[in-house]
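S.K.: Please take these sequences and the hints and turn them into a complete structure.
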Amino acid sequence: MDFGDDSSRWANDEQCDDPRFSGEGMAPVLERADLWSDASDCQAAFAAGTITYIGEEPELPPVEFDYGDDWSEWANDGECDDPRFTGPGTDKKMLDDDMYGDASDCRALEAEGKVSIITVYTPEYAAGAPYDSSHIDFGDNESDYADDEYCDDPRFMGPGAATVLLESDLMHDAEDCRAAYEDGSIMLIEE
Numbered sequence: 001m002d003f004g005d006d007s008s009r010w011a012n013d014e015q016c017d018d019p020r021f022s023g024e025g026m027a028p029v030l031e032r033a034d035l036w037s038d039a040s041d042c043q044a045a046f047a048a049g050t051i052t053y054i055g056e057e058p059e060l061p062p063v064e065f066d067y068g069d070d071w072s073e074w075a076n077d078g079e080c081d082d083p084r085f086t087g088p089g090t091d092k093k094m095l096d097d098d099m100y101g102d103a104s105d106c107r108a109l110e111a112e113g114k115v116s117i118i119t120v121y122t123p124e125y126a127a128g129a130p131y132d133s134s135h136i137d138f139g140d141n142e143s144d145y146a147d148d149e150y151c152d153d154p155r156f157m158g159p160g161a162a163t164v165l166l167e168s169d170l171m172h173d174a175e176d177c178r179a180a181y182e183d184g185s186i187m188l189i190e191e
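Using our numbering, read the sequence shown as starting at 1 and increasing by one per residue.
One or more hints might be untrue.
Just the calculated beta-carbon pair ranges, DEER-fashion [as the list claims (entries may be wrong)]: (1) P130 x M171: 32 to 38 angstroms; (2) P159 x G87: 17 to 23 angstroms; (3) S168 x D69: 31 to 37 angstroms; (4) S116 x L166: 26 to 32 angstroms; (5) I189 x D66: 20 to 26 angstroms.
Since the hints were derived computationally from the structure, they do not count as laboratory data. Everything numeric in this text was worked out from a predicted model, so none of it was measured. All C-beta atoms in this analysis are idealised placements derived from N, C-alpha and C, irrespective of residue type, glycine included.
M.R.: Here is the structure:
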């Protein structure tokens with residue numbers, strides 16, 4: 001059996017992330033981007049009998065959007081304070097600290113059409129990976145924060161981006177940004 005390689009960002013975490021398998025040795029969330037990309041974990045789990053092979057074209061369960069909870073200081077104030085949303089129903093000053101912290105407001109305002117989830121944060125976006133990055137000039141890898149598994153280039157946004165983005169890192173974190181773009185955890189917001 002061809003287990004593939006260990007190119008998944010989740011490789012070597014002692015859970016099989018390849019959706020061609022099923023069982024107790026599997027990661028809880030599976031993505032199409034991890035097909036044939038977690039060989040060591042999957043081979044070990046298969047040998048241990050904690051997973052079974054289910055086929056080359058697995059049917060992935062739909063992943064629901066996680067609105068979070070209402071722990072933010074600004075929860076339940078009638079505005080969506082979660083920076084994963086955009087639209088007239090969002091607060092004017094969005095803070096990363098409020099991500100996942102204003103579920104009731106954001107869910108209600110989304111249902112009313114006053115906010116929408118920014119594309120890169122939707123489960124469908126990540127499930128569409130891998131993305132072709134050949135059209136993007138990522139620059140070099142000279143950032144002080146290069147190779148930390150977060151994209152520090154301020155031209156990108158998403159769960160794979162660093163929380164603090166500096167203009168000095170523009171086009172200087174090529175490897176992290178390329179990997180995150182291809183696996184669907186960031187998107188380019190400006191060329």
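S.K.: None of the hints should be skipped; say for each whether it holds.
M.R.: How the hints compare with the structure:
no., hint, result
1, P130 x M171: 32 to 38 angstroms, "22 angstroms, violated"
2, P159 x G87: 17 to 23 angstroms, "19 angstroms, holds"
3, S168 x D69: 31 to 37 angstroms, "35 angstroms, holds"
4, S116 x L166: 26 to 32 angstroms, "28 angstroms, holds"
5, I189 x D66: 20 to 26 angstroms, "22 angstroms, holds"
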